[in-house]
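The listed protein sequences correspond, in order, to chains A and B.
The first sequence runs 1 to 132 under the numbering used here.
The second sequence runs 1 to 190 under the numbering used here.
Residues from chain B shown here face chain A by an in silico Cβ test under 8 Å; the list is partial:
hint : residue
1    : L66
2    : K67
3    : V69
4    : D70
5    : Y71
6    : L73
7    : Y74
8    : S165
In short, the hints are calculated from the structure, not lab data.
Where a beta carbon is used, it is the ideal one built from N, C-alpha and C, also for glycine.
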Amino acid sequence: MSLYLALIGTRDNPLYEMEIKMDPIRDFCPFIVHSALDIIEDLQWKTNQLYFKNIDNYDNYSISGYVTPGNIKFMILYQNLRSDEAIRQFFGELNDLYVKTLLSPFYTINEAIRSKAFDQKVRMLSRKYFNL
Amino acid sequence: MPLEYDLLADNTINKSCLEYLLIETASISHEATVQVCDNENVRDHEQATASAEGNLTEEIGYNIGLKLVDYLLYLQKGKNGTGTPKFDQVVNIMKFVCKNVWESLFGRQIDNLRTNHRGTYVLVDRSFTMISRLDSPLGVQDTLNQTRKHYLWYPCGIIRGLLESLDIDSTVQAEVTEFPSVSFHIQTSK
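Chain A with its partners taken away, still in its complex shape (with noise of 0.2 Å):
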């Protein structure tokens, strides 16, 4: 089972990354992700929904998506992860520490997020939420 996920700006800007035992392919994670932009960016206006599963697959990797109130991406490129709901729920509580990152006065829209403290938290979630 392995994960990376990245968090994506408005301007194609990657703000944070993240993974977890991607020896394979560790090189390619940022380009695979980066193609599947264009595919979000195409759905993202067509419904009301923020979180979409599944669009597209590299080998036997796929991608999954959500888009925040803001036009900010989060991706996750994995592989063997058994539950479409707890990469929602997973999204869901990136999107609270999103917000509660937003909500800092130091921090302003489109920079890397460097906090130590964010990192262990979204290791935190993706235990919980992946076993990882």
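Assemble the complex: chain A is given as a structure, and chain B must be docked to it using the hints.
Showing chain B alone in chain A's frame:
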């Protein structure tokens, strides 16, 4: 019989503190820009201070506006992505501003929204809380002048930041003709 009301529960203290803070921000930014212009021997002193000071408070409002959409929508709905309100038309965004944003920031909704359907919107608030308690000892006309110069930049900045975060370039101007009714003129590109 003693009046009993819970000041904290209806946010009176919060709102009052915010109003005082914003009033102070206006005067501090005025003094700061006067000092800066003095130090740099700017030629057209009056005009430079007026525009620089407005930009300062407007920037503050702008940064807040940028983050507002995410925060408000997050407060409004559940976490599981049950859908955002439809923002496909700019009119809907304006309605969102009138209702939700104004309500959460200032405690009341905007009274009037007018549009020419070609990119210009006018939002009229008949009793704008930020300035409704201002009263100059030199009379009503002076109150109006002061308001125009110092106190309306902040909400303009908020609106501009909000629209920017929804990818709409705009210019926002505020006018006060009849105190305390304020009208915001928004020019967008779409």
